[in-house]
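**Q** Following the hints, position chain B against chain A.
Residue numbers (my numbering), protein chains in the order written: chain A, 6 to 274; chain B, 6 to 274.
For the record, the hints were derived by calculation from the structure and aren't laboratory data. Ideal placement from N, C-alpha and C gives every residue a C-beta, glycine not left out. Accuracy of the hints is not assured; some may be wrong.
[Stated by the list, open to error] Here are the computed distance ranges between Cβ atoms for each label pair:
no.: 1; chain 1: A; residue 1: Asp91; chain 2: B; residue 2: Gly268; range: 24 to 30 Å
no.: 2; chain 1: B; residue 1: Lys46; chain 2: A; residue 2: Pro192; range: 42 to 48 Å
no.: 3; chain 1: B; residue 1: Met142; chain 2: A; residue 2: Asp86; range: 48 to 54 Å
There are 2 protein chains.
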Amino acid sequence: MRTAFYISDGTAITSEVFGHALLSLFPTKLNHVTIPFVETKERAMEVKVEIDAARSEDEGRAIVFHTFVDNDLRDIIASADAMEYDFLNYFTTPIERELGVAAVPKTHRTHSMHEKTYDSRIEAMNYALANDDGGNMKNMKDADVILVGVSRSGKTPTSLYLALQYGIKAANYPFVEEDMDNLKLPPEIKAVKEKVFGLTITPQRLSAIRNERRANSRYASTRQCRIELKEVEMLYKKERIPYLDSTHFSVEEISAKILAETGLQRHKY
Amino acid sequence: MRTAFYISDGTAITSEVFGHALLSLFPTKLNHVTIPFVETKERAMEVKVEIDAARSEDEGRAIVFHTFVDNDLRDIIASADAMEYDFLNYFTTPIERELGVAAVPKTHRTHSMHEKTYDSRIEAMNYALANDDGGNMKNMKDADVILVGVSRSGKTPTSLYLALQYGIKAANYPFVEEDMDNLKLPPEIKAVKEKVFGLTITPQRLSAIRNERRANSRYASTRQCRIELKEVEMLYKKERIPYLDSTHFSVEEISAKILAETGLQRHKY
Numbered sequence: 006m007r008t009a010f011y012i013s014d015g016t017a018i019t020s021e022v023f024g025h026a027l028l029s030l031f032p033t034k035l036n037h038v039t040i041p042f043v044e045t046k047e048r049a050m051e052v053k054v055e056i057d058a059a060r061s062e063d064e065g066r067a068i069v070f071h072t073f074v075d076n077d078l079r080d081i082i083a084s085a086d087a088m089e090y091d092f093l094n095y096f097t098t099p100i101e102r103e104l105g106v107a108a109v110p111k112t113h114r115t116h117s118m119h120e121k122t123y124d125s126r127i128e129a130m131n132y133a134l135a136n137d138d139g140g141n142m143k144n145m146k147d148a149d150v151i152l153v154g155v156s157r158s159g160k161t162p163t164s165l166y167l168a169l170q171y172g173i174k175a176a177n178y179p180f181v182e183e184d185m186d187n188l189k190l191p192p193e194i195k196a197v198k199e200k201v202f203g204l205t206i207t208p209q210r211l212s213a214i215r216n217e218r219r220a221n222s223r224y225a226s227t228r229q230c231r232i233e234l235k236e237v238e239m240l241y242k243k244e245r246i247p248y249l250d251s252t253h254f255s256v257e258e259i260s261a262k263i264l265a266e267t268g269l270q271r272h273k274y
Numbered sequence: 006m007r008t009a010f011y012i013s014d015g016t017a018i019t020s021e022v023f024g025h026a027l028l029s030l031f032p033t034k035l036n037h038v039t040i041p042f043v044e045t046k047e048r049a050m051e052v053k054v055e056i057d058a059a060r061s062e063d064e065g066r067a068i069v070f071h072t073f074v075d076n077d078l079r080d081i082i083a084s085a086d087a088m089e090y091d092f093l094n095y096f097t098t099p100i101e102r103e104l105g106v107a108a109v110p111k112t113h114r115t116h117s118m119h120e121k122t123y124d125s126r127i128e129a130m131n132y133a134l135a136n137d138d139g140g141n142m143k144n145m146k147d148a149d150v151i152l153v154g155v156s157r158s159g160k161t162p163t164s165l166y167l168a169l170q171y172g173i174k175a176a177n178y179p180f181v182e183e184d185m186d187n188l189k190l191p192p193e194i195k196a197v198k199e200k201v202f203g204l205t206i207t208p209q210r211l212s213a214i215r216n217e218r219r220a221n222s223r224y225a226s227t228r229q230c231r232i233e234l235k236e237v238e239m240l241y242k243k244e245r246i247p248y249l250d251s252t253h254f255s256v257e258e259i260s261a262k263i264l265a266e267t268g269l270q271r272h273k274y
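Extracted from the complex, chain A is given alone in its bound form:
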């Protein structure tokens, strides 16, 4: 099996995301190795040796995705016996021409706490944790978005992803069995109804997820799941709450869809 390396003088997150997106187009199985914080010549030499070694052990030379600010470090990595993709630099010159300004390379330029939105992402994450699962109804007015839905419909992971990645303050509130007889929005949420976004899911998928948590319980039964989901979807329609079915979507996809539908701005750049 050949090896794909993701290497950087920073976190290597950009190399990982780019390389992963590119390699996922191919059916070939690869061994993946991420090496962040290659910040000295000595370390770069060690990494070059590791890349070279990957060739002799494998069925071909390694594939290397790298982003370096320091040219000397980059040159050491580029001297390894591998197919190397210096993918950011490749596009730098055309952007310089287009914008009419020179690039200003900075170490740790992305994914560092010097990103101007860093503090707002951490603040949003603390908000999401404090307001998970209806934890603090009096804070609902501070939310950018309030996710509602039955237990295990994807509210918590989506709230945390929106916060950590995009600095969006997402509260979430669960509709539980006891609410179902006369389902309505709690007054604290009704007061800021324009912020509410609903999640739903198929009874089959919900039952499977709940069974992992409490096997063979009434809570996990398809019948109970169906009753709860029907009530909740009726409420969404009655209150004209926008909602989506999370059954076939990842947290990343649900988050992107919520942003697209609500028009909320990412605090990312």
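**A** Using the frame of chain A, we list chain B on its own:
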């Protein structure tokens, strides 16, 4: 101000990460617009019109980063009056040559729940939430890593990031004031000491963070922060617990450093 667009028939996360990393090299201020899930010709035409409109309102044409699987949709976006970067496709041919196989474009190939590691990331996130702040000492043996440190030293955001991004089960345990007289690892954690990783921070930064939470409290005083940090660092040294100073690092950087130091494998590909 010119506009940068990040467009895709999927989440557009790859376009965002790549475009953001590239544009962060430049001092130019830009307006950023992400448009995910462009899945029909009608929608692509609307987006083309939006890109064209960005030119006339701005000081130059838009800069467009896009990833499309469907060639017809791509062609519509590419026909807009903009500088466009079809950055994944650019690198596809050389990879095909290197691997000796053709690319197999699939919609929603990345950032979807069909990624084989998706379930493990959600499971890890549920684990991190259930085992946040020493929440469940009997689960410590199931952790991939146990982060320890004083209150507000960065344990919770790092645990959640490791889980959501990398599928790593990270528990965390806080050392609180009451522990300080005779600081030691709780027996449940001592039993799996090889999994423990410590965080520390400067007293000044810790005091600033705590002051945001409880202004002018003893808890937030530099003196109290200094006492707690000194005890905790002594424990790290005595127990030979690897640790890092989170003061100048983002959650992304702390996570990447922990992975590099512990050798934990990302459940990502």
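**Q** For the range 24 to 30 Å, tell me whether the beta carbons of A:Asp91 and B:Gly268 fit it or not.
**A** 27 Å, holds
**Q** Verify the CB-CB distance for B:Met142 and A:Asp86 against the hinted window 48 to 54 Å.
**A** 49 Å, holds
**Q** Range hint 42 to 48 Å: satisfied by the CB atoms of B:Lys46 and A:Pro192?
**A** Holds: the Cβ-Cβ distance is about 45 Å, inside 42 to 48 Å.
Against the hints set out earlier in the document, no violation occurs for any number.
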